[in-house]
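Enquirer: So you can see what is in the structure, the chains are spelled out below.
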Amino acid sequence: MNPWPLHGRDPEPLQRPRLAGALAAAAAALPAAALVWWTGAAAPPAAAIHLSALSLVLLSIAGLIIAGGLYGAVFLRAANDRRGGWLFGLGWGFLSWAVGPITLCQWFLVRPVATGHAAAILLAAHLLWGLLLGILFPFVQSRIELSIEKAPSPRQQGLDRREKGGKARDHDMRGPQRVEQDR
Amino acid sequence: MIRVISYWKAILAGMAGAAAWELLARLLLLAGLPVYDIVRLLGSQIGGANPWLWWPAGMAMHAAVGALWAIFYAYFFWSVLARPPWLQGLAFSVGPALLSIFIVRPQLELMQAGNAPPTGYAALFGVASGWAIPASILLFHAVYGLVLGALYTKPVGAPAGKSRLPETRKATAPASSGKDEQGGDGLEFMFATGIECSYPTLDGGRWRVDEMAMCGHYRHWRRDLELVRALGIKYLRYGPPLHEIYRGPDLYDWSFMDEVAAEMRRLGIRPIIDFCHFGVPNWLENFQNPKVPEALAAYAGAFAERYPWVRFYTPVNEMYVCARLSALDGLWNEQCRDEKSFVKAVCNLARAAVLIMQAVRRHRPDAIFINNESSEYYQPCCPDDEIRRMADFENQRRFIPLDLLYARGVRDDVRDYLFDQGMPREDYAWFLAQEVPERTILGVDYYDWNEKVIDTDRVARSVGELFGWYVITTQYFRRYRRMVMHTETNYRDPRGGALWLWRQWHNVERIREAGVPVVGFTWYSLTDQIDWDNAIGRPIGNVSPVGLFDLNRDLRSVGLAYKQLIDMYDGKVPVEPDWGPFDGKPTLLPEPGDDK
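Protein chains in written order, with my numbering: chain U, 50 to 232; chain B, 782 to 1377.
Just chain U, with the same shape it has in the complex (with noise of 0.2 angstroms):
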């Protein structure tokens, strides 16, 4: 076995790839939104759960916005391939088609939420949204990275890691008392 997420995580030190998520996917949003909103394809799903087409959209900006901070969370490191980061966000943006509301609101209205061309919109308009999540986080990324001046030291980061690991391992190995001469 290989573990991929090896390769994709430790953003250290200058990288913040939840923030950079949540910045991009709230620009990718927009033009998501905007299809939707243009093309009627919000009233379906609007009705369905009693709430305007205008409420839905801002709501679903926001639950993007929760997604791309998650996109960031999960991939990390690795969500700022310039190569790979469109499909990444396209196959994000299709997995919160698959498995996001649309699908919990079916099941728990047992009921199609839209049909039609309603239903086609909004499988491109997660599909848009993912896409332009993932081609645009690494340019988000370039803007708010922390400078080289600014990063932590690494060893120091090592240190302080090594040391709760250190104290952790103690604790286990020698219950209380250890915590106790600590104090």
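One thing to keep in mind: the hints can contain errors.
[Stated by the list, open to error] Listed below are the simulated SDA-like cross-link pairs for lysine to any residue, each with C-alpha atoms no more than 25 angstroms apart in a straight line: (1) Lys935(B) - Asp1314(B); (2) Lys1072(B) - Glu1207(B); (3) Lys1353(B) - Lys213(U); (4) Lys1344(B) - Lys935(B); (5) Lys199(U) - Arg1334(B); (6) Lys1121(B) - Arg1206(B); (7) Lys1344(B) - Pro201(U); (8) Lys790(B) - Arg131(U); (9) Lys1344(B) - Leu63(U); (10) Lys1015(B) - Ser196(U); (11) Lys199(U) - Lys1121(B); (12) Lys1366(B) - Arg1291(B); (13) Lys213(U) - Arg1276(B); (14) Lys1072(B) - Tyr1209(B); (15) Lys1344(B) - Leu208(U); (16) Lys199(U) - Lys1015(B).
[Stated by the list, open to error] Here are some of the chain B residues that sit facing chain U, going by a computed Cβ distance under 7 angstroms: (17) Leu879; (18) Leu880; (19) Leu891; (20) Ser1338.
By construction, these hints were calculated from the structure, which means they are not laboratory data.
Small disclaimer: the values here were computed from a predicted structure and weren't measured.
Yeah, the Cβ is synthetic: ideal placement off N, Cα and C, and Gly gets one too.
Given the coordinates of chain U, work out where chain B should sit on it, guided by the hints.
Expert: Positioned in the frame of chain U, the structure of chain B alone reads:
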């Protein structure tokens, strides 16, 4: 970056999988079976009921979806399971199949639904119309997965002989004549990094893995050189792609190297040129070929003549590792697994290194040679005579290439071993008769897998850092008594990279305090590397996250730590060159057996 993939291979494999699916579906539909017709379902969104419209439209969409899933497979699933590729593809297909059964198909049908959409869980989640359609979806995905898996293999590397260099301008005159500003005996402490450049062949010489291509250096070489300077590093271990440059006897293509060399000069980078890094051009076959030493020497001479400003050279990188993995472990190049082949490879590599030094010195008499070797150490696990004997032999074997290079006689039993395994006595005498250039530096590479314990089953296993660079380097220094450089290190877990860097640096400081003249330190390499988790024995595309930068050229923690270290120490580590065999008296820790 998660993994290096081959886009075109994935796209072709995915489209082929979609085509195989459609072929089977048409046959089953023609036979009158009630199976899932994805092409019609997709195509009718655009082409309506006209088969001349819906089929091509549906097929194009399905092929595109197949290609997208295949790229996804390449990034996230390929090589995760240690199984044959076709089985990996088959296992991967289960995920898309379940998504298709429960979500995609019902949603696609909803997109076509009129005013009376289905209700109820079974209808909404694709299982209301019996088992035939879901079963056919599983079957078609299995076919897709099998084809995808079977076709998507070897995503990195290329058939041996195929050039991977970018289009460059035609070879120009040498970048510039004139020598390096730092001539004479002067030497400053060298903070260095390197561009990973291994290029061995696999599969009996048919497939070449080229780390410079896989790590994107050919595409991003200008950026890479800028990044070196951005961290305050002046010395760069750089192995020009021998297999791309050296096209045949007296036939060189310098076009790429000319551009790189000019940029290095512009940026003030001092390259440590590495002439042979685990591979040779196709026409030289492998390290069993007795023509390799003279051919490499000719190449080195031509290089030194073309780039006279270059002063630092590594004739052959890690000779012991190269011989071992090529001729004893059967991983690279000749892929032999016997002692005779190992000895032949060692002799050819050491001879090449000697001749290369001579060839370079003809053009640059004050050249400095950094002969780096992977520092190895074997510890017997237990008081078992045979295991102790094995460890003792391996601890001698690791020195053979450097002993030959530095004209130092090997231990009597090792000399007998060399003769028994086919080394001509006159060749041994030739090595001992060579005059070793004064300006040589002993490069000692160290990774946390270099120290091994020979276990009760008589297999050598890496046990992490056992004694550390200080102790192992002491062994090498005592043997060769040359100025030393820490020429390679890195750490596989990026979270621990910064601490490992500092640990290595403190080893350097400590051994300098003991009187060993260490003149340089290297974090290897500038960027992450590819497939070193399997010693580049299989072209998979896995990223080894060991670089100062990742393959997106984004800074890693260890990169920042190295910059901070250099900022702190640059110009504050005095070096007093003491060329030739060192005659000082270092206060090193005693070695076991020193008292005998």
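Enquirer: Does each hint fit the structure? Answer for all of them.
Expert: Comparing the hints with the structure gives:
no., hint, result
1, Lys935(B) - Asp1314(B), "holds (16 angstroms)"
2, Lys1072(B) - Glu1207(B), "holds (17 angstroms)"
3, Lys1353(B) - Lys213(U), "violated (33 angstroms)"
4, Lys1344(B) - Lys935(B), "violated (36 angstroms)"
5, Lys199(U) - Arg1334(B), "holds (19 angstroms)"
6, Lys1121(B) - Arg1206(B), "holds (15 angstroms)"
7, Lys1344(B) - Pro201(U), "holds (13 angstroms)"
8, Lys790(B) - Arg131(U), "holds (19 angstroms)"
9, Lys1344(B) - Leu63(U), "holds (14 angstroms)"
10, Lys1015(B) - Ser196(U), "holds (22 angstroms)"
11, Lys199(U) - Lys1121(B), "violated (57 angstroms)"
12, Lys1366(B) - Arg1291(B), "holds (15 angstroms)"
13, Lys213(U) - Arg1276(B), "holds (14 angstroms)"
14, Lys1072(B) - Tyr1209(B), "holds (17 angstroms)"
15, Lys1344(B) - Leu208(U), "holds (18 angstroms)"
16, Lys199(U) - Lys1015(B), "holds (24 angstroms)"
17, Leu879, "violated (10 angstroms)"
18, Leu880, "holds (6 angstroms)"
19, Leu891, "holds (5 angstroms)"
20, Ser1338, "holds (4 angstroms)"
The structure is inconsistent with the numbered hints 3, 4, 11 and 17, although it conforms to all the rest.
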